[in-house]
Amino acid sequence: MWKIELGELDRKMGVQIVEESVDRVVATMPVAGNRQSFGLLHGGASLAIGEAVGSWAAVIHASTLGKTAVGVDVSATHHKSARDGVITVIATPLQLGRTMTSHQVLITNEAGERLCTLRISNLLLEPR
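Each residue of the sequence shown is one higher than the last, beginning at 1 in UniProt numbering.
Quick caveat, the hints were computed from the structure, so don't treat them as lab data.
Remember, predicted model here, so these are calculated numbers, not experimental data.
Heads up, a few of these hints could be off.
What the hints assert, rightly or not - EDC-like cross-link-like pairs, simulated, lysine to aspartate or glutamate; straight-line CA separation at most 16 Å:
(1) Lys3 with Glu20
(2) Lys3 with Asp23
(3) Lys80 with Glu113
(4) Lys67 with Glu126
(5) Lys80 with Glu110
(6) Lys3 with Glu19
To be verified - Restraint-style ranges between C-beta atoms, simulated for each label pair:
(7) Gln36 with Pro127: 29 to 39 Å
(8) Trp2 with Pro30: 17 to 27 Å
(9) Leu65 with Pro30: 15 to 25 Å
(10) Gln95 with Ser37: 33 to 43 Å
(11) Val72 with Gly43: 15 to 25 Å
(12) Thr99 with Asp23: 12 to 22 Å
(13) Leu40 with Arg128: 32 to 42 Å
From the three backbone atoms N, C-alpha and C, an ideal C-beta is built for every residue, glycine too.
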């Protein structure tokens, strides 16, 4: 099974991997260093970590089939803002197929309040 490796942006954003499996990928990220000019968690930072965690979940599933995954669609709804603390990002599968996956990604604050919900679809491909 494929193991998550942080990329350059992930490291700059302070992402930490907590759990990784086909059924669930969990990561954390500090709000500090990822704020926009009004002092709130940047929506782009939420999208970046959400897409990363959802894609990692898809690649873990794909690796069990001898394949890899590439993102084809991501959408997000921002529910609440954050000014500080650490966010938790959890990706769980909605559908795990042989050619396509869909995952729900929830971003919550330290109180467990939902900050953002993402849905990501990934295409499964034979490795090059």
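(request) Return the numbers of the hints above that this structure violates; sort them in rising order. (result) 9
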